[in-house]
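Trainee: Using the sequences and the hints, build the whole thing.
There are 2 protein chains.
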Amino acid sequence: MLTRIDHIGIACFDLDKTVEFYRATYGFEVFHSEVNEEQGVREAMLKINETSDGGASYLQLLEPTREDSAVGKWLAKNGEGVHHIAFGTADVDGDAEAIRDKGVRVLYEEPRIGSMGSRITFLHPKDCHGVLTELVTSATAPGAEH
Amino acid sequence: MLTRIDHIGIACFDLDKTVEFYRATYGFEVFHSEVNEEQGVREAMLKINETSDGGASYLQLLEPTREDSAVGKWLAKNGEGVHHIAFGTADVDGDAEAIRDKGVRVLYEEPRIGSMGSRITFLHPKDCHGVLTELVTSATAPGAEH
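Chains as they are written, first to last, in the UniProt record's numbering: chain C, 1 to 146; chain V, 1 to 146.
Watch out, some of these pointers could steer you wrong.
The list cannot tell twin chains apart, which means a pair is met if one copy fits it or any two copies do.
[Said to hold, decoys possible] Derived SDA-like pairs (lysine to any residue); straight-line CA-CA distance at most 25 Å:
#1 K102 - D14
#2 K73 - E110
#3 K73 - F21
#4 K77 - P125
I should point out that these hints are in silico values taken from the structure, not numbers from a laboratory. Predicted model only: the values in this text are computed from it and were never measured.
Mentor: So this is what it looks like as structure tokens:
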């Protein structure tokens with residue numbers, strides 16, 4: 001069951017400049033940053049608010065580390081902007097299976113490791129009215145023990 | 001001060017079909033629907049979670065009521081997908097002025113009426129790393145008395 005907007009993923013050409021834009025314009029600070037070599041991205045998570053399911057909502061700023069990564073190809077085609085949206089769930093494995101059974105294409109056979117040690121998968125945007133949609137179970141809260 | 005992700009605005013060709021996709025796939029229900037003639041949209045708000053500032057986060061599904069509306073033109077160019085993101089604040093007027101003073105173009109001279117009687121304005125996507133960004137003060141909570 002999806003219980004929160006976990007994050008909005010925003011693709012950018014220059015992570016440092018984009019982080020500085022969000023800090024200078026709105027006062028948002030970097031909560032966490034990492035490089036995900038598998039996804040081919042360098043990223044910064046800006047925590048915006050906490051959520052009623054015990055989790056939080058973030059902006060996820062993404063700079064590709066290589067042109068042939070998914071985000072690199074997307075940026076080359078679309079320019080900077082919203083790349084995907086992510087819903088939080090206590091059970092990404094179960095929800096992904098249930099959604100696959102409804103005929104929506106799930107992009108990974110099994111969930112993979114995302115930001116901050118979370119488990120994530122993606123749904124095909126063509127099956128989601130044009131929206132690349134991520135499902136995420138946090139490594140910490142909520143429901144990580146499930 | 002921006003204290004929450006208020007909503008993600010998603011443009012679609014057929015509001016009823018898109019509402020049904022979100023209901024059937026994720027169990028999200030319509031919290032509110034309305035037509036905004038000034039914006040030229042028919043919309044449905046799906047409440048996803050409540051937020052730590054006393055507000056909530058929604059998906060806002062938007063179908064244009066006329067082709068020459070902003071959303072209608074955007075859809076013709078881009079197809080379905082994420083149209084904008086919105087941050088909640090207790091003081092959209094003050095925040096818009098402060099952000100304008102930083103050199104970011106604010107699209108309305110004064111905030112206008114948005115979903116559920118809120119006051120809203122937009123920031124130019126070219127000044128926001130490609131993201132059309134809305135600022136919104138809810139008519140009810142939080143901080144509506146400010």
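Trainee: Which of the listed hints are broken here?
Mentor: none
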